[in-house]
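**Q** Construct all of the structure, not just a fragment, from the sequences and the given hints.
Same order as they appear, the protein sequences are chains A and B. Using the working numbering, the first residue of the first sequence is number 1368, and each one after it goes up by one. Using the working numbering, the first residue of the second sequence is number 1368, and each one after it goes up by one.
There's no promise every hint is true.
Calculated lysine to aspartate or glutamate pairs in the EDC-like style (CA-CA distance at most 20 Å, straight line) [as the list claims (entries may be wrong)]:
no., chain 1, residue 1, chain 2, residue 2
1, B, 1492, B, 1524
2, A, 1424, A, 1441
3, A, 1644, B, 1524
4, A, 1591, B, 1624
5, B, 1623, A, 1510
6, B, 1573, B, 1688
7, B, 1405, B, 1688
8, B, 1706, B, 1523
9, A, 1591, B, 1506
10, B, 1591, A, 1612
11, A, 1623, B, 1510
12, B, 1591, A, 1624
13, B, 1623, A, 1506
14, A, 1623, B, 1715
15, A, 1489, A, 1465
16, B, 1644, A, 1465
Some chain B residues judged to face chain A by a derived CB distance under 8 Å, without partners named [claimed, not checked]:
no., residue
17, 1504
18, 1506
19, 1573
20, 1607
21, 1611
22, 1616
23, 1621
24, 1641
25, 1642
26, 1649
27, 1672
Bear in mind the hints are in silico, worked out from the structure with no lab data behind them. Just so we're clear, the structure is a prediction, and the values are computed from it rather than from any experiment. C-beta atoms are modelled at their ideal positions from N, C-alpha and C, and glycine is treated no differently.
There are 2 protein chains.
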Amino acid sequence: MNINQELILALDAMGGTKAPQVVVEGAKLALERYPNLKFLFFGDEKQLNPLLKEDKKLSSASIIRHTDIIVNDEMKPSAALRVGRKSSMALAIQAVAEGEALGVISGGNTGAYMALSKILLKTVKGISRPAIASYLPTERGGETVMLDLGANVASDEFNLIEFAIMGSIFATDVLGCQNPSVGLLNVGEEDLKGSSVLRCAADYLKKYPGINFYGFIEGNDISKGTVDVVVTDGFTGNVALKTLEGTARLIRSFLKDGFSGSLMGKIGYFFALPTLKHVFQRMNPSRYNGAIFLGLNGIAVKSHGSTDALGFSNAVSVAVDMLSHGFKSQIETNMEDVKTFLASSESEAKTQEEN
Amino acid sequence: MNINQELILALDAMGGTKAPQVVVEGAKLALERYPNLKFLFFGDEKQLNPLLKEDKKLSSASIIRHTDIIVNDEMKPSAALRVGRKSSMALAIQAVAEGEALGVISGGNTGAYMALSKILLKTVKGISRPAIASYLPTERGGETVMLDLGANVASDEFNLIEFAIMGSIFATDVLGCQNPSVGLLNVGEEDLKGSSVLRCAADYLKKYPGINFYGFIEGNDISKGTVDVVVTDGFTGNVALKTLEGTARLIRSFLKDGFSGSLMGKIGYFFALPTLKHVFQRMNPSRYNGAIFLGLNGIAVKSHGSTDALGFSNAVSVAVDMLSHGFKSQIETNMEDVKTFLASSESEAKTQEEN
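**A** Pasting the structure below:
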């Protein structure tokens, strides 16, 4: 895909706490970055029309598709599938499924978004389970991709291999890593080193030449940046991500308490404020970039629900990066290689057994 | 157990990076706190003798049991079981098993310590699997107990119930919680709400009157302090704890970078330093208190390997708290109640099926 050709993106204009304002403003910022973008806005035209009219450039690059139906944050995925098929979220995804748009961005309900995307976009050929990925800051500088963050509750060894491949391609295309290293999240003690699923996945990844496999890593390696891609099942990934967010929040609150506790602290706070702000912004890039659904027939990016216009525009940028690198076809090619490799591993194992 | 009677504790004098100095100094501090303590020091008498001689009070409350053998940090649990039976760690545990001491404290290799403790102390009647617990700081103030942190890789619903009971008793006895609330760590999305093991454990805990069950919680609830006791399997608990530690380290490093980056930052750092120090000390009580092995026939506390004398003395205090509340007999009584409850639940379910 040529980045200079026209790229049409579908936007769920009603997803997120500050929608549709933030979505429109975010699109405007993204259009400044990529002048070849075109937008399909799905949502309430009464709200969207006046917002779009404010900017001539944006309005001439945009089409509004009206719907009154919104998937709210409280809706369960199963309910979204039943009653949300004509919602702004579902119609935006549908536009990608039908080839009208090349990618979709929504700041709405993550569970509903994943459920609708799975049904409407379906998984890429060769991938059995899509995954939710995000990238996190690290001590060594740069970022690490982590997946799955909760698309699946349990994962077998083949799912983990799929995650490793999708994560590697993402790290290369979006983060610009060369030959990204991949680690499997596990526990520390040697004798307890994880389940048979983890050991089996590690055995395959060690042998498979298409992945730069580092080996097992532990929870503290995520923030250390030991690897470029952290692979784990959706349950563990979700707990780890939320624990990380909770810890950042706790430290922030402790610092606030500490600085307000004494005169020295208050003076310190005045001088320390710019640093503190910068640090906590660095801590939460997901708030600015969102999560990405990998393994679907179409690019689907989840913007953080409470993000601002800049954050939404960054989510749009992630979609553009994935499009311009041909993310989907790379996955397909890689999964064909993996299948050949797995089949040859199996027949090798059989031959060894027979001898 | 009366806290005024003589309490004999076994100390692995050679465990931890600054052993035996820190162990001896820690024992000295603990003795000031609890004058009725007596210590059995297991380790190299050539090193221990001069250290103990420095303090008359301590030396008259102490006996040295010599051994040259040390379990080092690199030793796998299986190796410790094979070659470490005469080590300072094993002999200290053995002293509890034989009734010579009431509890053991070690700052050595956690995996080896757990493996040796399981073999030598065995599990409390009614408990099928011991767990590793620790307590963590929270936003609401106070602390939350989390278990299992890695004693087991996988846990079934009955293990989780055992953890809930042991965690509740610990929160009551050591942290002074009244009727502590218990949460089961899970993922956020409704439709994905965890494995059948988690749902089954939740069903039992909801009905069992001996536990103040809050329900499912998510990773960010750990630091928020939503519950007094966080129950999870050893794999997830280990990943969550290490992710939390890694995040704290990352923020610390970002703050360091930030403050050294500009003149304003450097001035800020000067004023902010006391607050920052205090916050990062608050963040890591485990460094000062250690982890606790729950469910064994005897108190076994793991002091942090790199702790100082105050940290080691705090680990001793935890052991004293558990002893003075009769931790073991409380577990036994509770587990009998649980068994009665589970049996009646089962027969109830059967009756319902038959009707």
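**Q** Give a verdict on every hint.
**A** Structure-based check of all given hints:
Note on residue 1492(B) and residue 1524(B): the hinted pairing holds, with a Cα-Cα distance of about 18 Å set against a maximum of 20 Å. Distance restraint check for residue 1424(A) and residue 1441(A): the Cα-Cα separation of roughly 35 Å exceeds the 20 Å cut-off, and the hinted pair is therefore not satisfied. With a C-alpha separation of about 43 Å, the suggested pairing of residue 1644(A) with residue 1524(B) is violated against the 20 Å cut-off. Distance hint between residue 1591(A) and residue 1624(B) is fulfilled; the C-alpha atoms sit about 15 Å from each other, no more than 20 Å.
Only pairs whose Cα atoms come within 20 Å are accepted, and residue 1623(B) paired with residue 1510(A) is accepted, the gap being roughly 18 Å. For the given pair, residue 1573(B) sits about 29 Å from residue 1688(B) by alpha-carbon distance, which is inconsistent with the 20 Å threshold. At roughly 15 Å between alpha-carbon atoms, residue 1405(B) and residue 1688(B) fall within 20 Å of each other, so this suggested pair holds. A hinted pair counts as satisfied when its Cα atoms are at most 20 Å apart, and residue 1706(B) with residue 1523(B) qualifies at roughly 15 Å.
For the hint linking residue 1591(A) to residue 1506(B), the alpha-carbon distance of about 24 Å lies beyond 20 Å, and the restraint is violated. Among the hinted pairs, residue 1591(B) with residue 1612(A) is consistent with the structure: their alpha-carbon atoms are about 10 Å apart, no more than 20 Å. A threshold of 20 Å between alpha carbons decides the hint, and for residue 1623(A) with residue 1510(B) the separation of about 18 Å falls inside it, so the pair holds. With a C-alpha separation of about 15 Å, the suggested pair residue 1591(B) and residue 1624(A) falls inside the 20 Å cut-off, and the hint holds.
A distance of roughly 11 Å separates the Cα atoms of residue 1623(B) and residue 1506(A); the hinted pair therefore holds under the 20 Å criterion. As the CA atoms of residue 1623(A) and residue 1715(B) are separated by approximately 52 Å, the hinted pair breaks the 20 Å bound. Simply put, residue 1489(A) and residue 1465(A) have alpha-carbon atoms about 12 Å apart, close enough for the 20 Å limit, and the pair holds. Between residue 1644(B) and residue 1465(A) the CA atoms are separated by roughly 56 Å; this puts the pair beyond 20 Å, and the hint is violated.
At about 7 Å, the closest approach between the beta carbon of residue 1504(B) and any beta carbon in chain A falls short of 8 Å, and the interface hint on this residue holds. At about 5 Å, the closest approach between the beta carbon of residue 1506(B) and any beta carbon in chain A falls short of 8 Å, and the interface hint on this residue holds. Nearest Cβ of chain A to the Cβ of residue 1573(B): about 20 Å, over the 8 Å cut. The hint is violated. A hinted interface residue such as residue 1607(B) counts as satisfied when its beta carbon comes closer than 8 Å to some beta carbon of chain A; here the least separation is about 5 Å, so the hint holds.
Taken as an interface hint, residue 1611(B) checks out: its beta carbon lies about 5 Å from the nearest beta carbon of chain A, inside 8 Å. With its C-beta approaching chain A no nearer than about 7 Å, residue 1616(B) sits inside the 8 Å limit, and its interface hint holds. At a threshold of 8 Å, the smallest CB-CB gap from residue 1621(B) to chain A is about 4 Å, leaving the interface hint in force. Annotation: interface hint on residue 1641(B) holds; nearest CB of chain A at approximately 7 Å, less than 8 Å.
The beta carbon of residue 1642(B) is positioned within 8 Å of a beta carbon in chain A (closest approach about 4 Å), and the interface hint is therefore held. Nearest Cβ of chain A to the Cβ of residue 1649(B): about 6 Å, under the 8 Å cut. The hint holds. With its C-beta approaching chain A no nearer than about 13 Å, residue 1672(B) sits outside the 8 Å limit, and its interface hint is violated.
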